[in-house]
Amino acid sequence: MILAKIGRFSLRPSPIVSSGSAKWFASGHNYVTVEPDSEMDNVAIVKMQKKPFNVLCTDMLQQLTTTFQELPKEKKYKAAILTSNIPGVFSAGLDIMSVYGRTSDEIYSFAMDIQNAWIALYGNPMITVAGINGTSPAAGCLLALSCDHRIMAEGKFGIGFNETKVGFVPRFWMKNTMQNVIGFRKTEKALQEGTLFTPSQAKEIGLVDVVAPMDQIIPSCRDFIKQYLKLPYGPRSMTKQMLRQDTIKQLKSAMKEDAEASALYLSDPAFQKVLGSYVAAMSEGKA
Amino acid sequence: MILAKIGRFSLRPSPIVSSGSAKWFASGHNYVTVEPDSEMDNVAIVKMQKKPFNVLCTDMLQQLTTTFQELPKEKKYKAAILTSNIPGVFSAGLDIMSVYGRTSDEIYSFAMDIQNAWIALYGNPMITVAGINGTSPAAGCLLALSCDHRIMAEGKFGIGFNETKVGFVPRFWMKNTMQNVIGFRKTEKALQEGTLFTPSQAKEIGLVDVVAPMDQIIPSCRDFIKQYLKLPYGPRSMTKQMLRQDTIKQLKSAMKEDAEASALYLSDPAFQKVLGSYVAAMSEGKA
Amino acid sequence: MILAKIGRFSLRPSPIVSSGSAKWFASGHNYVTVEPDSEMDNVAIVKMQKKPFNVLCTDMLQQLTTTFQELPKEKKYKAAILTSNIPGVFSAGLDIMSVYGRTSDEIYSFAMDIQNAWIALYGNPMITVAGINGTSPAAGCLLALSCDHRIMAEGKFGIGFNETKVGFVPRFWMKNTMQNVIGFRKTEKALQEGTLFTPSQAKEIGLVDVVAPMDQIIPSCRDFIKQYLKLPYGPRSMTKQMLRQDTIKQLKSAMKEDAEASALYLSDPAFQKVLGSYVAAMSEGKA
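Here the protein sequences come in this chain order: A, B and C. Counting from 1, position 285 in the first sequence corresponds to residue 285 in this note's numbering; the numbering is continuous, with no gaps. Counting from 1, position 150 in the second sequence corresponds to residue 1150 in this note's numbering; the numbering is continuous, with no gaps. Counting from 1, position 80 in the third sequence corresponds to residue 2080 in this note's numbering; the numbering is continuous, with no gaps.
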């Protein structure tokens, strides 16, 4: 089964969904795999697998976008589990190298990729569940928050928008996505403080719905999906989109301005300098 | 005492409020009765009484609209208790027969009736309390949520927006009304899942304010009203309207589009077919 | 150190920040003092001191506005503690004498002063903490809610928007400020009821963050600030402003209309009459 219409991403590596096989992409890097769940064949398991930390680079964001745009067109799938093929890390967030040393235009384009991935996932008509099998900061947390339900692994993992701690400012629609889950006041605190919550703290404030042992993540995702599959698919799906449409419209009406603001801020020499120190520290294993 | 100005509903059965008597409507079906409370004469008891389940048909919606538009003009009344004359059912929601087999124009007109009833109740200047003496799904729940305070009877009763379970999609302003009470995330779950909450669950998530034995519903409503009558009437009333104006404005600026969307969706042959099976099942006592 | 640019308030008494000294204003009444904290010199202590109850008159509002507009320009300060020099009263809210017997134009101008003070504080780039060392009704509560964090003194003190109880209607942006902290439903109840919460009730619903003994207010404010000073100042500050920008924009796009509505309502002879009785009662020590 081939996802034929890749649309504007046709020049990019595109996911091939083959029934149960391990071949996922036509060419290039396969950062995202899509396969039917072994137990429920109307459930797609979408795995992020960019070593070592699933950082979201342009290719990976575009593969996620394509995946979540194309999957709903497959009649076969009613639900998707978004998880990581690198247990211990769900996604470390945006790829700093897609911003460091890049031109304003490159950053603008990267900002658009992030927006598109979010729109494809947050407004997705399918039942979407995040199987958060590891740490999930920043845009990793955004992906999780954009699903319908969040199941996080017990352990020394963190989840949250820690942008301020590393010198970034979350975009307004990231804020809105969190606010829709935990409310304004908790979001205001969490974002200013750049908090990474432990699984139990995340459960406590409603940032995740369930905390489960690592080996129960996928079974727990299935349990949730089984309940949701009992609901009439169309009305549930349209209800979800009705609920999220205001938040999506707010970004859609300002995508260009939002990407421009990111490009302007992130390409600033002062910010690039800070980023340089951070990259240097990373390469020395200090960050 | 006669509610003289019925405005554009003058051709419809219109409520006549007679002091303490049992005559409520000038002619036709009397689906809504309005009488002064036996203990507090500035409190109007508004009872829905369309057997067997208080389904909201055009007449009943228009009578509710007229009632809540006209009552505030009566100097006598400062508060209204909205309840059911059919203990066990508050209201079963919209009348499916007002949609099944109807033309697009008829459905459009019915959608407008729902909007108008909601606007008249949600923006009502009086103190409004829902005495939820029975099950209250879908638009029944909407009526309850549109009051200032909700008191629900103990028992095997459910309350919530169960639209998705029966194939409908709640309108955005119904979503907003629930969101204003229990927040976005709980609303997102409740609407997708079409949950009917038990009284204690409803209390737990804030969907109702008080759960009381059936015979204490009206006394509990009175207790709430007594507290609110101590507040300066005008400032409280204007404060309530200030609080709710954004939510009301959002519908008022899109009434036509919203009714058109309902008409388009509900008159679709595929949807009508589903509805047909449902109606057949009902007539056989299976639904 | 002098706050040189007072802008449009140049004809008004303006605050002079002198290192550690007690001289705060160039001339006229000194209703607001600004001095560096004795323990943390990048923290400004902003004290309200208009006897007997810190009512917010034109001068005081303008001094607060100037203070919160100018302080962020001082490189020295990263944080501000807003508190009262009159223990037992944080601020009793707006000065009734700025409304009673005043012309519509005077009330309009006063309404603008309130808006400007709120904008300067709510959108402030600094870390702001309210050290609520006493009762804080109405606009006093607004000032507290406009900070980043609220620490309230144990004792027989109340906090909340009690406008309805004294015949006022809170403005929509005051409502929004509270809603951002405790959510819509609790705000709807609190505003209609005009509730003044005890410190422990306020903590319970999230209206304040910490309740502490009176002599621990400033140390608790410092504890919070110490944590926030560890965060990168720019990103935290921009994140806060991103979070609050929608709420501020909503007022900024309607300042004139909002002030006109206040002027119209408050200058009405019927309202002035009510206000007259209230003022008479106050002067007799009954209110």
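Treat the hints as calculated values from the structure; they're not laboratory data. Here the structure is a predicted model, which means the values were calculated and not measured. Where is the CB? At the ideal position from N, CA and C, for every residue including glycine. One should not assume that every hint holds.
Stated by the list, open to error - If you only want the chain A side, here are some residues facing chain B, beta carbon under 10 Å, derived: (1) N180; (2) R236; (3) T239; (4) K240; (5) R244; (6) D246; (7) I248.
Claimed, not checked - Simulated coverage check for chain B against chain A, where a stretch passes if three residues somewhere in it have a Cβ under 8 Å from a Cβ of chain A: (8) 1063-1070; (9) 1137-1144.
Claimed, not checked - Estimated spans, in silico, between C-beta atoms of each pair: (10) B/M1255 with A/P213: 50 to 58 Å; (11) A/S109 with B/E1284: 43 to 51 Å; (12) B/E1039 with A/M255: 13 to 21 Å; (13) C/L2229 with A/M255: 45 to 53 Å; (14) A/K189 with C/K2076: 23 to 31 Å; (15) C/G2101 with B/E1154: 53 to 61 Å.
Verification of the supplied hints:
Because the smallest distance between the Cβ of A/N180 and any Cβ of chain B comes to about 5 Å, under 10 Å, the interface hint for this residue holds. Taken as an interface hint, A/R236 checks out: its beta carbon lies about 5 Å from the nearest beta carbon of chain B, inside 10 Å. Because the closest C-beta pair between A/T239 and chain B is about 5 Å apart, less than 10 Å, the hint holds. Using the Cβ-Cβ criterion of 10 Å, the hint placing A/K240 at the interface with chain B is satisfied: the shortest such distance is roughly 6 Å.
Given hint, A/R244 at the interface with chain B, holds; its Cβ is 8 Å from that chain's nearest Cβ, closer than 10 Å. Given hint, A/D246 at the interface with chain B, holds; its Cβ is 8 Å from that chain's nearest Cβ, closer than 10 Å. Because the closest C-beta pair between A/I248 and chain B is about 13 Å apart, greater than 10 Å, the hint is violated. A stretch counts as covered by a chain when three or more of its residues have a beta carbon under 8 Å from one of that chain; for the region 1063-1070 of chain B and chain A the count is 0, and the coverage is violated.
Proximity of the region 1137-1144 of chain B to chain A, defined as three or more residues with a beta carbon under 8 Å from a beta carbon of that chain, is not established by the 0 residues found. For the pair B/M1255 and A/P213, the supplied restraint of 50 to 58 Å holds, since their beta-carbon distance comes to about 51 Å. The hint said 43 to 51 Å for the Cβ distance between A/S109 and B/E1284, and at roughly 60 Å that hint is violated. Checked against the hint of 13 to 21 Å, the C-beta distance between B/E1039 and A/M255 comes to roughly 59 Å, which is inconsistent with it.
In this structure the supplied range 45 to 53 Å is violated for C/L2229 paired with A/M255, their Cβ-Cβ distance being about 35 Å. Our hint of 23 to 31 Å for A/K189 and C/K2076 holds, since their Cβ atoms are close to 26 Å apart. C/G2101 and B/E1154 have their C-beta atoms about 54 Å apart, which keeps the hinted 53 to 61 Å range intact.
Going through the hint list in order, the structure does not satisfy hints 7, 8, 9, 11, 12, 13.
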